[in-house]
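Q: Chain residues, written in single-letter form:
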Amino acid sequence: MSKTDFHIIPPRSLDYIHHGAPKPVAQMTVDEIPPVAISWGRTTVFKTGSWRNVTPHYVRRLPPCRAGCPVGNDVEGWLEAVGNRDWVEAVRLLIDEQPLPSVCGRVCYHPCETACNRGQFDGAVSIRAVERFLGDRAARLGVLPASRTGKGSSSGRILVVGSGPSGLAAAWTLARLGHRVEVMERAQLPGGLLRYGIPAYRLPRDVLDRELARLSRIGVTFRRGTALLVDGCLADLRHDYDAVYLAPGAAGHRSSGISGAPDGMVVGAIEFLKNVSDGTPPLPSPSLEGGDVSLSNSLINKKIVVIGGGNSAIDAARSALRLGADVTILYRRTRAEMPAYEDEVEAALVEGVNVDFLVSPVRIVENAPPLGSPPVERGGMGKFNLQCIRNRLGRPDDSGRRRPEPVSGSEFTVQVDYVVDAVGEYPDPAQLTPDGDEQSALAAVDIWGRTGIDGIWVGGDFSGADRTVAHAIGAGKRSAVAIDMVLNGRFDPSADGLLLGFDRSITVGRYLEGDLTAGYDNPEPVEVSDLNLAYHSHSPRTRLNEASPERRTGDFAEIAQDWRVRSVIREASRCFHCGTCDSCGNCHIFCPDGAVVRDPVTMELSINLDYCKGCGVCASECPRAAIEMWK
Amino acid sequence: MKKVITANHAVSHAVRLARVEVIAAYPITPQTSVVEELSEMCGRGDLDATFIHSEAEHSAMSAAIGASMTGVRAFTATSSQGLAHMCEMLHWAAGSRLPVVMAEVNRSLAPPWTIYTDQQDSLSQRDTGWMQFYCRDNQEVLDTTILCFKIAERVGLPAMLVLDAFVLSHTSEAVEIPDQGLVDGFLPGRKAEFKLDPHEPHAYGGMMNVDCWMESRWHLQNAMEAAVGIVEEEAAAWEKLVGRRLRPLLPYRMEDAEAAIVCAGTAAWTATLAVDILREKGLKVGSIGIWMFRPFPVDQFRRMTGGLEKLIVVDRSCSYGHGGIFAQEARSVLYDVDDKPEIIGVIAGLGGREITAEGLANEVENIIREGGDGLIRWMDVKVK
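Chains as they are written, first to last, in the numbering used here: chain Z, 1 to 631; chain P, 1 to 384.
Calculated directly from the structure, the hints in this document are not laboratory data.
Be aware that one or more of the hints could be misleading.
Straight-line alpha carbon distances no greater than 30 Å define the calculated BS3-like cross-link-like pairs of lysine-lysine that follow [to be verified]:
{"#": "1", "chain 1": "P", "residue 1": "195", "chain 2": "P", "residue 2": "284"}
{"#": "2", "chain 1": "Z", "residue 1": "47", "chain 2": "P", "residue 2": "195"}
{"#": "3", "chain 1": "P", "residue 1": "240", "chain 2": "P", "residue 2": "310"}
{"#": "4", "chain 1": "Z", "residue 1": "613", "chain 2": "Z", "residue 2": "631"}
{"#": "5", "chain 1": "Z", "residue 1": "631", "chain 2": "Z", "residue 2": "47"}
{"#": "6", "chain 1": "Z", "residue 1": "613", "chain 2": "P", "residue 2": "195"}
{"#": "7", "chain 1": "P", "residue 1": "281", "chain 2": "P", "residue 2": "195"}
{"#": "8", "chain 1": "Z", "residue 1": "23", "chain 2": "P", "residue 2": "195"}
{"#": "9", "chain 1": "P", "residue 1": "382", "chain 2": "P", "residue 2": "310"}
Construct the entire structure; sequences and hints are all you get.
A: Here it is in structure tokens:
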């Protein structure tokens with residue numbers, strides 16, 4: 001053979017390949033037979049789609065972060081926008097569902113991160129920190145959420161009682177839906193628990209004020225320093241309002257029942273925190289100590305015992321620490337049963353709060369001089385002896401936690417100046433209405449916050465089992481949408497299309513667009529076993545920097561430090577995007593039939609059903625469970 | 001530009017210059033630094049290739065085959081057990097007529113475990129339909145790699161360039177690295193005569209019946225025969241560009257030789273030193289280095305050995321139960337030649353045992369003075 005005219009495929013057989021073989025192979029010469037196994041003609045004649053008995057569908061599935069969020073925050077949506085550096089869209093998606101992003105970005109117990117599938121890979125996405133950044137950006141830029149624009153919806157006059165997170169969320173939702181909303185707050189400044197409960201080192205007050213300004217700008221009016229006074233019955237409020245949303249919080253104070261304590265020595269945690277927040281002396285009669293009045297807020301040289309294991313106990317203890325006190329928490333069970341958030345407990349311990357577990361207080365014994373007496377000489381601190389008893393854990397109680405049982409003969413005393421009682425708070429209907437029937441009607445609440453009194457709705461800590469800011473916001477949103485549906489004559493208490501996730505949170509954004517579904521093809525949250533982790537690479541979780549324990553315990557400045565934009569984008573880019581197609585193209589690459597088609601302009605993917613034989617490779621190679629095989 | 005680099009990195013540079021588009025590989029000593037360097041090149045952006053780190057060599061070859069089917073230039077590298085693991089897919093690459101290029105670092109097959117060099121691994125794959133080229137130094141490694149792409153794509157067969165473990169793979173020498181422009185001129189982008197193409201979809205690799213399967217193998221043998229001329233043509237073209245001569249057989253002091261040493265790889269350089277020693281002693285000995293083993297350069301071999309009295313074929317391999325593999329080749333090629341030399345097969349340097357110039361000269365001198373003794377001699381082996 002000549003050196004130059006060598007062809008891998010002889011030209012004659014190449015011709016047959018492209019135009020079909022004109023004669024049986026048996027009659028071909030060797031130069032007409034191709035050297036490789038190659039089909040005569042194109043394979044497009046084989047409509048392999050006819051073999052299919054299951055069909056792939058691109059689906060939107062509920063991501064676990066959103067499923068876990070009691071607010072119904074579209075976490076995955078705004079994380080994707082941040083990853084794409086689309087700040088406008090990220091902020092829009094955030095404030096479409098979240099009335100208080102800068103607040104939740106600081107104080108939420110982040111169930112989104114607990115649910116995040118990345119937690120089972122290399123650490124959950126620091127969702128709360130991204131929300132904090134985005135919320136602050138939204139507030140600085142003065143961005144407002146979309147409001148109802150269409151005509152034909154009726155506008156009502158609505159009273160919201162209480163300006164804590166639940167009242168604010170209801171007001172925010174109702175104002176966006178075109179209603180006239182008044183928020184009644186008995187304190188001088190709105191915010192409720194956010195202002196008078198959560199200490200400023202967790203939630204700076206200027207941050208709260210910026211969030212409140214957004215509510216004012218969308219038309220919510222506040223009546224400050226006005227307590228709800230009901231002489232007859234709550235139902236009378238309906239003369240002036242189309243609906244009333246009651247969110248007074250859990251204002252009843254539960255006592256640990258320490259006997260023998262002189263007046264003013266035992267203070268409720270909520271009162272203590274309120275005093276710390278509004279700058280009044282946190283504990284009674286400090287001036288009687290003979291100290292300088294300007295130092296009246298100081299608890300230097302005071303020994304404080306905090307009773308309880310919830311978040312109020314931790315907040316009170318850390319606040320007292322910042323005022324100079326020597327602080328010990330007494331908790332009747334162990335750390336494992338503590339209802340306070342794990343990272344708050346950890347922070348308290350790091351800052352120097354002492355915690356004594358399996359201890360219950362009993363009574364003040366001996367030397368119980370009246371307040372104001374000169375301190376007893378015993379190393380400077382602790383005028384009183386608080387007798388305590390040690391516990392051991394018995395069988396679980398109704399809460400599922402093991403019950404503390406006193407160990408007889410284990411009594412001991414601790415020295416103390418003040419006791420902060422943080423055993424708990426409870427909703428007190430008597431504060432709202434003197435009418436006994438109405439009090440019981442307020443206790444019977446459905447998921448929408450409807451009470452037994454027509455037009456009277458309740459939510460937040462007053463009615464909720466889970467007393468968190470996020471649950472309070474979620475309840476406010478849900479009731480507000482229900483109120484709007486009632487006022488427009490289309491409320492169906494059994495219709496749950498707009499509800500999503502573990503806490504049945506509601507999507508206001510979809511409702512505003514006139515949609516009555518949450519927008520997911522499959523409302524089951526994506527689990528980590530649904531994902532194909534082979535396509536995700538490890539990248540460690542980043543956290544917000546915090547001021548050191550030594551520096552931060554000297555004042556009430558915020559502990560968490562602002563993030564740089566680069567860190568925000570990096571962290572947001574860690575999102576798996578569970579259940580959402582991000583056009584990565586794995587399906588296109590792996591489809592053995594070339595049946596996954598990518599539009600060269602939009603980059604969107606679709607299935608050519610003529611050739612999809614339903615093998616499911618696309619679904620199993622999808623990194624984020626965004627393809628399902630349907631029968 | 002001249003750089004002091006190992007032969008493994010000479011492969012990497014040649015692959016970069018060839019603008020390979022897909023690299024699929026699995027690490028194995030002593031090959032690893034070939035693809036390690038390539039992955040660095042990809043990471044730095046010096047080479048715009050998709051680098052696939054496979055889970056094993058069978059998959060590495062499969063991925064290279066798949067890539068090559070789409071018409072791109074594909075490369076892999078392996079050694080010893082890795083090559084053995086690829087065996088099934090070696091046949092597939094050749095039967096599919098795909099110009100995959102592979103660097104194969106000669107390492108003995110276990111057990112017993114060893115990582116040192118001999119040619120058993122590559123010669124075990126003699127009949128897979130791959131072209132094979134054995135290199136003597138780092139410069140030849142670079143030149144051969146570039147030539148392999150050109151030749152493989154013209155012939156439509158995969159090509160294996162073979163280099164000795166450690167003696168070349170991990171030893172640094174000055175290597176002339178040609179300019180990208182020069183290589184681009186010599187080796188333009190691949191133009192596949194057929195390929196997987198969604199716009200012209202055909203099925204490949206399916207069943208061929210008894211009425212045409214055998215013809216496909218006729219085509220394969222035909223391509224191998226054509227390759228001899230194509231290799232000479234391309235080697236000459238390359239020589240014209242860079243001034244370095246490569247031919248299927250590389251003779252040394254053969255003009256008046258009465259005996260010749262035949263071998264491949266670094267041992268072929270050692271053989272030239274042995275020749276010098278023997279010439280000092282007045283023995284008219286030359287040597288022939290085998291650069292191209294498949295296709296075997298039959299005519300060239302016959303011409304070069306015609307008239308010799310003795311041909312000492314040094315094998316770093318053994319077809320157990322018969323003898324050295326190059327020795328068998330020489331006997332079969334020269335069988336029907338009238339003035340053929342006496343052929344003595346020497347097994348040497350298995351498992352990395354060093355072949356020294358003095359040792360080889362001594363062995364050859366003994367053979368010439370005392371006569372050979374049949375099919376197989378073992379050099380430097382501790383026998384009683």
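Q: What are the numbers of the hints that this structure violates, sorted from low to high?
A: When the structure is compared with the hints, numbers 1, 3, 7 turn out to be violated.
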